[in-house]
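**Student:** Each protein sequence line maps, in turn, to chains A and B. When we follow the working numbering, the leftmost residue of the first sequence carries the number 1, and every step to the right adds one. When we follow the working numbering, the leftmost residue of the second sequence carries the number 1, and every step to the right adds one.
Hints are computed from structural coordinates only; laboratory data are not their basis. None of these values were measured; they are calculated from a predicted model. Yeah, the Cβ is synthetic: ideal placement off N, Cα and C, and Gly gets one too. Check before you lean on any hint, since a few could be wrong.
Quick list of the computed label-pair ranges, beta carbon to beta carbon [to be verified]:
id	chain 1	residue 1	chain 2	residue 2	range
1	B	82	A	316	51 to 57 Å
2	B	90	A	271	55 to 61 Å
3	B	26	A	36	55 to 61 Å
4	B	68	A	48	21 to 27 Å
5	B	13	A	243	58 to 64 Å
6	A	270	B	94	42 to 48 Å
7	A	224	B	34	55 to 61 Å
Simulated crosslink set (EDC-like; lysine to aspartate or glutamate; CA at most 16 Å straight-line) [said to hold, decoys possible]:
id	chain 1	residue 1	chain 2	residue 2
8	B	111	B	62
9	B	171	B	55
10	B	158	A	25
11	B	74	A	183
12	A	7	A	25
13	B	158	A	358
14	B	70	A	345
15	B	130	B	62
So, partial list: chain B residues that the calculated Cβ filter (under 10 Å) puts toward chain A [claimed, not checked]:
id	residue
16	40
17	45
18	75
19	121
20	145
21	159
22	162
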Amino acid sequence: MSKPKFKNPVVKWIDYRLPIFTFMDHELNHYPTPKNLNYFWNFGSLAGIALVTMIITGIVLSMNYTPHVDYAFDSVERIMRDVNHGWLIRYIHMNGASFFFIVVFIHIFRGLYYGSYKAPRELLWILGVLILLLMMATAFMGYVLPWGQMSFWGATVITNLFSAIPVVGESIVTWLWGGFSVDNSTLNRFFSLHFVLPFVIVGVVILHLVALHRFGSNNPIGIDVKGTQDTLPFHPYYTIKDLFGLGIFLTLFAAAVFFFPNFMGHPDNYIEANPMVTPAHIVPEWYFLPFYAILRAIPDKLGGVLFMFGSIAVLFILPWLDRSPVRSSQFRPIFKIFFWVLVLDCFLLGYLGAMPAEGIYVILSRIATAYYFFHFLILFPLLPYIEKTKPLPISISQPVLSGSYTAASSAAREKK
Amino acid sequence: MSTKSDLKSEQDEGKRDFLIVSTYALAGVGAAAFVWPLIDQMNPAADTLALASTEIDLSSLEEGQAITVKWRGKPVFVRHRTADEIKQAQEVSLEGMRDPQTDSERVTKEKYIVLVGVCTHLGCVPLGQKSGDVKGQYGGWFCPCHGSHYDHSGRIRKGPAPTNLEVPSYKFLSDTVIKIG
Ligand code: HEM
Ligand code: FES
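Chain B with its partners taken away, still in its complex shape (with noise of 0.2 Å):
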């Protein structure tokens, strides 16, 4: 049995119902767009993004040497690779590494390795910039943390580390001087 009254406040509710899905809608919408900001806020503030690029003399590093220094506040790892190190890391196969890619790819004088000294895995320093540190069993870097090898090409070859050393993105201005950044 439908009465006129009936019908009326049927239609009442969906009024209602149209009122009421809309102001949460709208709503959630400004919600959103008010809680974006608070959380951008986290991410790098525009004086952190515009870090100056850092230049580097390589002059003074004799082979076989190695040079940390400071980019982005992370360390950047420079080594003058002896003959036999370059030849070891050129003619290694890639079969079975983990994040396979040749020596090639990550060097631009194949003299001077470049790499951000930060394991891959949960962010350590690795050692094996200085003489006397341990290189691990592939004779680059051995990050102490959680145990990963690194070879001379800064490549994972053993250990819970995902990926290669990070190679940034740097230029040779002459012949001994370079840029990262």
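Just chain A, same shape as in the assembly (with noise of 0.2 Å):
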């Protein structure tokens, strides 16, 4: 590729120094992206977005927040009743972590289809699901700092699991605590990392991003570039691609912070906490729904910490779970069918996740559960061998200009 010709000379100026432009028409303008890429290639971009939005708003609601048991649920009351716009930052702030996790989500799923996370991009997806990890901690934490009492039996219960460690678990969570219930240590310390987590998002994020640009995006049939006819320049094509999307994204979003800012939070988080009083149904945040079935289905303290975990755990170890040499799911018609029945098996969790842990829930969470480790621990490794995967195009360009990919590729291969 040819240097890049600025014509503003400060810039010329900068470059020269610190080939700050340089990189960024390289990774942003020329950069070669497979040029069938779908709408589900927007999610990535979005989550970017929405990490920018969290600690944008993240920064301003710390400047009207206490994190004191006895001021917090106050200030952030403050914050919704008498701060200018303080309504309009919260809600953008508590919707905002709904709508990140829903972006994720689907960009994961995105990555399980097309078999993303293969070769040669495990260690992407491997920072891919720390990303998600590092979110999960800090929503969790920032969940609690409202101090309502969600916040605070949310906090209890899952400070508690460490307490299922043998031996050391009790040590644990007095230190996660820094006393003997979760008090005003705990809102602390978790107000500081809550600020400071997302900026080791950040960090990772950047990691995702280089080893992301190092073989270039994966593509919907999921086959290798062959050259510079399978791809587009990164702008326009994507960038406009990726702003339509955004538009769409931030209309749903206006909708919810706009409509409905409540619908997806819990009502009980607008009672002060109370440590003596647990509400009838403890729920935590929808997008913990999932796991928090996972952690109910099994009937020992440990276990259900150790298969809560487990399921992400599988996640990291997943690009040496599928030895299917075949990425996309469109040449993996048993692989296809199993990827909707995950999809269902995870709804049905979080589902069950919400629903009190008695009689036929327990029941489904255990079969769910059991489905869900089955997937990735005996479906993954063993479907390669019985699965007759669908010939493979030659390239990007050839299922495009021929319309079809399967003719086109037995056409190809008789040939041979």
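Dock chain to chain to rebuild the complex, using the hints, since each chain is given by itself in its own frame.
**Tutor:** Here is the structure:
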């Protein structure tokens, strides 16, 4: 690729000494991108924008928030009632967390469907799972800050998970709390960590992008780019496509912020925390529900915790669990069916996580949990031995030009 | 073939390895020593540890009633058990209990059962203190969070909690006054 020619003398001067403009031109302008990306490829940039939104609204919320058990709840109410535009900023932050998770979950399932975690993108995928973990930690601690009933009891239940660890469990929990229950020390440290973790996420996102740009995006048919005929420069094609997606995203986001700001929250969190009374029905934020269902499905305390963390741990080793060399589900007929079963299974787990842990719900949770692990630990490694994959096209351009993948590729195979 | 200068450089390498290893080791020890205060600061501070004990007067607590008091930021349950409840708690067979303990191991005066009101599963406050509360299948306490049932002695009988409700350290100062902690 040729070196970009900058006309602006200031840009030229700076770029000679600090090649930041060359870098941007290279990574955002010319950056060759597979030409067949569909709208599921929008969710990466949306996640980035959601992260920036959370950081900006978070910083301004912090200017009005007081991390103390006696003042936290009131300071959030003050943000809602008295601080100029405080309600807007808080509702953006509150709903932003939900939208961030929606976007990231779609982003992850996109990766699952198109096999984006396979070589050579294993580290890219692992960094992504790491971001998910950091996001979960951040959102969990953020939810404690308004110091409502759900904040308090959510924090109590989740920190108590660590007491399941043999021998040192209790000491770890006391250490996490800085006392003998969730209290002021806990709130203070959660605020500190909630403030800083998003910046750690930014760091990991940068590594995620460096890894991405090493081999470029995967694509809907999952075969490697063969040459320039298979790619387009990122700008203007994908910048515009990303912006269009952003427009739709912001429309939905604004609809939630202005019309249903408390839809995804829990009304009990508008009751100030009371360490003496547990609400009748504790539920975590919706994005934790599938994991919560797994926790409750196992009748043993340590077991529940292990399976819950295990449900994320399997994602880390996914690139080595799936032995099939074919990336995209489009050429894996059986895998494709099971992919949708997994999606349904995750929705079912989410629903069960919100239901009381009794009767039929417990049984269903166990079945859904069993399926989840079956999918990753048994189906993924075994499927390649059973499944007959469809023939792959020769290149990205070919099916696009000839209109049909299978006809084109089988014709090409016969010629050989 | 080993010349004099080769030997010398080999010796030098040995020295260099030693220097490198000892530098790493020392830096490691230094870093660990520095990190420890950063970790330990998160443990309960001196004022948190020095929490006062709590005294409770039980004279007005009628048979069948219960009260909840706050101790170390946690609820403590005291229930004045009925003769029937005491009998049940004492006579039930320990076989098959997850955390077998006789009732007498868990009370000082059999009339009063004193418990830390924190579910040993994941820390919710079980129901059963108020007269209208659900008390679970064994008549003691029921934790609504994930469905743990405790009996009249606070022993775990059903549900995910691994151990019985904790009995705090307490002593009777008089017939009806107890001091917790
Ligand atoms: C990964 C990005 C982030 C996520 C997922 C996140 C998530 C959350 C959540 C779920 C809440 C509770 C909202 C509520 O129910 O009231 C919250 C509150 C809060 N967050 Fe964040 N946050 C993020 C970034 C930040 C940053 C960077 C800051 C500060 C620099 C911040 C500062 C605050 C403050 C002060 C509150 C308390 C006010 C409130 O509850 O509305 N957040 N956050
Ligand atoms: S916290 Fe009581 S059953 Fe889980």
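**Student:** All the hints need checking, so say for each whether the structure fits it.
**Tutor:** Going through the hints against the structure:
1. B:82 - A:316: 51 to 57 Å: holds, 55 Å
2. B:90 - A:271: 55 to 61 Å: violated, 40 Å
3. B:26 - A:36: 55 to 61 Å: At 56 Å between Cβs, range holds.
4. B:68 - A:48: 21 to 27 Å: violated, 49 Å
5. B:13 - A:243: 58 to 64 Å: holds, 59 Å
6. A:270 - B:94: 42 to 48 Å: holds, 45 Å
7. A:224 - B:34: 55 to 61 Å: violated, 47 Å
8. B:111 - B:62: Status holds; Cα separation ~11 Å.
9. B:171 - B:55: holds, 10 Å
10. B:158 - A:25: Outside the cut-off at roughly 64 Å; violated.
11. B:74 - A:183: holds, 10 Å
12. A:7 - A:25: At roughly 13 Å apart (the allowed maximum being 16 Å), residue 25 (chain A) and residue 7 (chain A) satisfy the hint.
13. B:158 - A:358: holds, 12 Å
14. B:70 - A:345: Violated, because 43 Å separates the two Cα atoms, which is more than 16 Å.
15. B:130 - B:62: With a Cα-Cα distance of about 13 Å, the restraint between residue 130 (chain B) and residue 62 (chain B) holds, given a limit of 16 Å.
16. 40: Nearest chain A Cβ about 9 Å off; hint holds.
17. 45: Holds. Min distance 7 Å.
18. 75: holds, 5 Å
19. 121: Where the cut-off is 10 Å and the nearest Cβ of chain A is about 6 Å from residue 121 (chain B), the hint holds.
20. 145: This interface hint holds because 5 Å falls under the 10 Å limit.
21. 159: holds, 8 Å
22. 162: Holds. Min distance 5 Å.
In summary, the numbered hints that this structure violates are 2, 4, 7, 10, 14.
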